[in-house]
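Participant: Dock chain B against chain L, hints included.
From first to last, the protein sequence lines stand for chains L and B. Everything in the first sequence is counted per numbering that gives the first Met the number 0, starting at 0 for the first residue and increasing by one. Everything in the second sequence is counted per numbering that gives the first Met the number 0, starting at 0 for the first residue and increasing by one.
Hints are computed from structural coordinates only; laboratory data are not their basis. Even glycine gets a Cβ: it sits at the ideal position worked out from N, Cα and C. Honestly, I wouldn't trust all of these hints.
Claimed, not checked - In silico contact screen, one side only, chain L against chain B (beta carbon under 10 Å); selected entries:
id, residue
1, G27
2, L29
3, H32
4, I33
Unchecked claim - The calculated lysine-lysine pairs, modelled on DSS-like cross-linking and capped at a C-alpha distance of 30 Å, are:
id, chain 1, residue 1, chain 2, residue 2
5, L, K30, B, K36
6, L, K56, B, K36
7, B, K44, L, K56
8, B, K64, L, K30
9, L, K62, B, K42
10, B, K31, B, K85
11, L, K56, B, K64
12, B, K57, L, K30
13, B, K57, B, K31
14, B, K35, L, K56
15, L, K30, B, K31
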Amino acid sequence: MIAVLNQYLDDIRDNLKLELADENDVIGELKSHIEDEFQEMRDAGLSEEEAANTCIKFLGSAKLVARQIYETHGQGTWRQALLASMPHLLFALLFTLNWWQGVGWLTVTLGLILAMAFYGWVHGRPEWLFPWRGYCFLPVLVAGALLLYLPRGWSWVAIIIYLPLVCGLVWSVTVRTVKRDWLYSALMMLPVPIIIGWFLVAGEEGEFSKISLEYVRYCAHGIGLSFGALAATTIAFIRLRQRWMRLVLLFLSGELTLVMVAFYSNGRLSLPVFLLLTLLMLGLLLSPALVKRRIRRGRQPVSP
Amino acid sequence: MEQRLDLMKGSSEPLLLCLIGQQPMYGYQIIKDLEKKSQGYFKFKEGTLYPALHRLEKAGLVTGKWEMLPSGRQRRYYYITDKGDKLLALKRSQWQNFLNAMNLIIQPATPLVEG
Chain L
0 MIAVLNQYLD
10 DIRDNLKLEL
20 ADENDVIGEL
30 KSHIEDEFQE
40 MRDAGLSEEE
50 AANTCIKFLG
60 SAKLVARQIY
70 ETHGQGTWRQ
80 ALLASMPHLL
90 FALLFTLNWW
100 QGVGWLTVTL
110 GLILAMAFYG
120 WVHGRPEWLF
130 PWRGYCFLPV
140 LVAGALLLYL
150 PRGWSWVAII
160 IYLPLVCGLV
170 WSVTVRTVKR
180 DWLYSALMML
190 PVPIIIGWFL
200 VAGEEGEFSK
210 ISLEYVRYCA
220 HGIGLSFGAL
230 AATTIAFIRL
240 RQRWMRLVLL
250 FLSGELTLVM
260 VAFYSNGRLS
270 LPVFLLLTLL
280 MLGLLLSPAL
290 VKRRIRRGRQ
300 PVSP
Chain B
0 MEQRLDLMKG
10 SSEPLLLCLI
20 GQQPMYGYQI
30 IKDLEKKSQG
40 YFKFKEGTLY
50 PALHRLEKAG
60 LVTGKWEMLP
70 SGRQRRYYYI
80 TDKGDKLLAL
90 KRSQWQNFLN
100 AMNLIIQPAT
110 PLVEG
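Here chain L stands alone, though its shape is the one from the complex (with noise of 0.2 Å):
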């Protein structure tokens, strides 16, 4: 297939965002289209690049095809919500019935989600994989805070090396999800700000590293519900169809159940930091988009 041809196939395949399967079925089937139609107009007596061009005149903008696919496939089943769901409502159940102080409980929920990233990241990775991913951050941010009760001068040399580390991982594990859709990956960053809020709000006097378990103990029912408000965020965005309205809700919902991390306060949220991690969780929700810009235009070639 010649060269215009095959660029229209990979800007549909760019916008498409569709799982890999369904993605390739969909190229595969326009791929066979384009070649039914361009041999006719071949035979019909047109150049190459007339028939390329009349090909793509007649299927019409790439973006265009692609998001009207996208808003075909792009709806989850009732099935994939509940699964991407499924990580906030184990977290809202261990808070809610009081077993996050049990550690058996806390490694079974620990090891469920790395079992569920891998199984999906196994299989053709899913739509639903997305929250269990953000999860997969824990143990990382567990390691981190355990970090700050080492010895005063230790602590700062293993922050020195954490820090740097935690960051590529963060970024490699952004870049990969964004190839796949930068929606998603503002799904899988949305509980960042609220976990954040949560640490805070439990630290005495606002401190990561003196988190008072008798505080945790009196808003666990809040924290809870705060899982449960980010489980029915996430079926609601897979039941969705339009991206804009996944985009408005997730700003809407993170936005809510921060207010609900700081209802539960009883004040010790001041207003200040209530802004920061407002702007921090519009820069996470944000941010995949523009690494997605900063990628497609990194792959475009430098016109002369």
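Facilitator: Just chain B now, with coordinates in the frame of chain L:
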């Protein structure tokens, strides 16, 4: 042309079902067949065909299967399902009733003959 499109809105999926109900077809064949059978009246916008076919497939009205051609190329043929057959029968009867009613109204009035 604009008026023609307006009339076609909402009819594209029954049309697709009808064609696929007659014989299994692939996308490009559907476009050609629709144009030929309607004597050029219906021209499906190619970019909108596949989203429409995939919507029918998601609704369980048709099913797509990849088939290998003797040339080694593959094509995705669409087959109507039992659910699609039932819906098609319903749509046919709805259309027939609609056309009968339209004909009753739209036909020019016959002049009354005074006797």
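Participant: Now look at each hint and say whether the structure bears it out.
Facilitator: Do the hints match the structure? See the list:
no.: 1; hint: G27; result: holds (7 Å)
no.: 2; hint: L29; result: holds (7 Å)
no.: 3; hint: H32; result: holds (5 Å)
no.: 4; hint: I33; result: holds (9 Å)
no.: 5; hint: L/K30 / B/K36; result: holds (25 Å)
no.: 6; hint: L/K56 / B/K36; result: holds (23 Å)
no.: 7; hint: B/K44 / L/K56; result: holds (10 Å)
no.: 8; hint: B/K64 / L/K30; result: holds (16 Å)
no.: 9; hint: L/K62 / B/K42; result: holds (21 Å)
no.: 10; hint: B/K31 / B/K85; result: holds (25 Å)
no.: 11; hint: L/K56 / B/K64; result: holds (27 Å)
no.: 12; hint: B/K57 / L/K30; result: holds (21 Å)
no.: 13; hint: B/K57 / B/K31; result: holds (24 Å)
no.: 14; hint: B/K35 / L/K56; result: holds (21 Å)
no.: 15; hint: L/K30 / B/K31; result: holds (17 Å)
Of the numbered hints listed earlier, not one is contradicted by the structure.
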